[in-house]
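Reading the sequence shown from the start, the letters are residues 4 to 203 in this note's numbering.
Since the hints were derived computationally from the structure, they do not count as laboratory data. Just so it is clear, the structure is predicted and the values come from calculations on it, not from any experiment. Among the hints, erroneous ones may be present.
[To be verified] Keeping only pairs whose Cα atoms sit at most 30 Å apart, straight-line, the calculated BS3-like set for lysine-lysine is:
hint, residue 1, residue 2
1, LYS6, LYS76
2, LYS144, LYS183
3, LYS114, LYS183
4, LYS56, LYS94
5, LYS106, LYS122
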Amino acid sequence: IEKLSVESAIDSVKYAQIVILVLDCNEALSRQDLAIASHIIEEGRVLIIAANKWDIVVKRDDVREALRNKLNKALSQLRGVYLVEISALNKIGIGKLMNESMKMYEKWNTKISTSHLNKWLSIIQQKNPPALKSGRVIKIKYCTQISIRPPTFTFFTNLVGDFSESYDRYIVNSMRYEFKLEGVPLRIIFKNSKNPYIKD
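From just these sequences and the hints, can you work out the full model?
In structure tokens:
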């Protein structure tokens, strides 16, 4: 029954825009919970965690911190996923849950101008340029947003496939911070191409 339930939940994600994953905050995160959460992120949907039964939690600060740490570690590809404390039985936090869902939906529909993106790109590369690859300088020449739901960006570079995972994370984390996209799935595409607006 549990397996069928998880399969049904995963199948439903493809038809959703916002997915609220309800967890019992008095129990440990299960593999099924994390499998569903990971699938939601991979599908590019908005994910919000609802920590249920909050009304019976005793050490709330400790439980909140522990749950946040577990989520950040298990769902590192979506650091900052929104966490709302609720009690479904007593209807506590439901209004906040709905409000935050709509805020995240707006983020999911974010469209950033190309000029703003490239100003940001120039600054982050000056602060922390990509490492050399076999003595060659790696440079991201240009960036543009190609889609929303989720926000999807193409980066044009002289050497595709030569960025370290840490530099990929640096780009994504910087983008989340600069454009207030915490908790929203982002898709990043690297292409080996030249900026059509810049002459070498």
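Going through the hints against the structure:
For a cut-off of 30 Å, the pair hint linking LYS6 to LYS76 stands: about 24 Å separates their Cα positions. Distance hint between LYS144 and LYS183 is fulfilled; the C-alpha atoms sit about 23 Å from each other, no more than 30 Å. Taking the CA atoms of LYS114 and LYS183, the gap is near 12 Å; set against the 30 Å cutoff, the hint holds. Under the criterion of a C-alpha separation no larger than 30 Å, the hint pairing LYS56 with LYS94 is consistent with the structure, at around 10 Å.
Distance check on the hinted pair: LYS106 and LYS122 sit about 26 Å apart at the alpha-carbon level, within 30 Å; holds.
Every hint, counting from the list given before, is met by this structure.
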